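Q: What follows is the residue order along each chain.
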Amino acid sequence: AQSVTQPDIHITVSEGASLELRCNYSYGATPYLFWYVQSPGQGLQLLLKYFSGDTLVQGIKGFEAEFKRSQSSFNLRKPSVHWSDAAEYFCAVGARSGGSYIPTFGRGTSLIVHP
Amino acid sequence: EAGVTQSPTHLIKTRGQQATLRCSPISGHTSVYWYQQALGLGLQFLLWYDEGEERNRGNFPPRFSGRQFPNYSSELNVNALELEDSALYLCASSLGWAETQYFGPGTRLLVL
Chain A
1 AQSVTQPDIH ITVSEGASLE LRCNYSYGAT PYLFWYVQSP GQGLQLLLKY
51 FSGDTLVQGI KGFEAEFKRS QSSFNLRKPS VHWSDAAEYF CAVGARSGGS
101 YIPTFGRGTS LIVHP
Chain B
1 EAGVTQSPTH LIKTRGQQAT LRCSPISGHT SVYWYQQALG LGLQFLLWYD
51 EGEERNRGNF PPRFSGRQFP NYSSELNVNA LELEDSALYL CASSLGWAET
101 QYFGPGTRLL VL
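Residue numbers (our numbering), protein chains in the order written: chain A, 1 to 115; chain B, 1 to 112.
Hints may be right or wrong, so weigh each one.
[To be verified] Listed next, the in silico SDA-like pairs over lysine to any residue satisfying Cα-Cα at most 25 angstroms (straight line):
#1 A:K49 x B:K13
#2 B:K13 x A:P40
#3 A:K68 x A:H114
#4 B:K13 x B:G58
Please keep in mind that the hints were generated in silico from the structure rather than gathered at the bench. Owing to the predicted nature of the structure, the values given are computational and were not obtained by experimental measurement.
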């Protein structure tokens with residue numbers, strides 16, 4: 001069975017600083033990879049996804065992520081953080097098992113942005 | 001275009017009761033997923049429905065069940081409620097099994 005690890009429960013950055021949120025997965029083949037953001041009291045919004053092709057993926061709100069097969073990682077980055085980026089970020093893996101599809105989410109990383 | 005909608009937004013029940021949560025997917029989406037988001041545990045996959053059938057379920061007891069209607073809307077039923085069932089229940093829909101999931105705002109269930 002696949003698994004997703006987000007090693008950082010909380011991350012604090014200053015506004016304008018760069019950001020990297022870590023995500024590691026465990027799966028036998030190349031899975032489908034996603035990053036979602038959840039603002040307080042809101043549902044989840046898709047930031048970006050990787051299915052195949054170029055390993056550097058551009059998303060919304062200035063975010064990007066890089067798939068590294070050798071490290072089983074899909075880290076999320078942003079060059080300059082805005083105060084409105086403060087939220088909970090979830091990495092997710094989608095994988096096939098037999099005839100079924102199993103989505104697995106990490107436990108999330110809470111981003112705190114200092115002015 | 002309307003997004004995924006869920007009702008009710010909040011639900012308060014007592015232990016032992018039954019709860020019914022509803023989800024309407026984005027028009028044209030045939031897959032509906034249910035997740036439980038308990039404090040500090042992230043999203044736990046509950047159920048996946050596609051074309052009216054249950055395709056997969058997560059590691060939850062049988063008292064968590066549901067169905068998908070011909071119009072692709074879905075219902076999640078939780079029987080014999082326990083205190084630890086208190087959580088935010090999120091519904092998501094997608095065009096197909098491996099497509100991007102779009103989430104609703106959730107139903108917050110409180111079991112007293």
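Q: Are the hints correct? Go through all of them and say.
A: Structure-based check of each hint:
This hinted pair does not check out: K49 of chain A and K13 of chain B have alpha carbons roughly 37 angstroms apart, beyond 25 angstroms. At most 25 angstroms may separate the alpha-carbon atoms for a hinted pair to count; K13 of chain B and P40 of chain A meet this at roughly 23 angstroms. Restraint check for K68 of chain A and H114 of chain A: the C-alpha separation of about 30 angstroms exceeds 25 angstroms, so the hint is violated. For the hint linking K13 of chain B to G58 of chain B, the alpha-carbon distance of about 23 angstroms falls within 25 angstroms, and the restraint holds.
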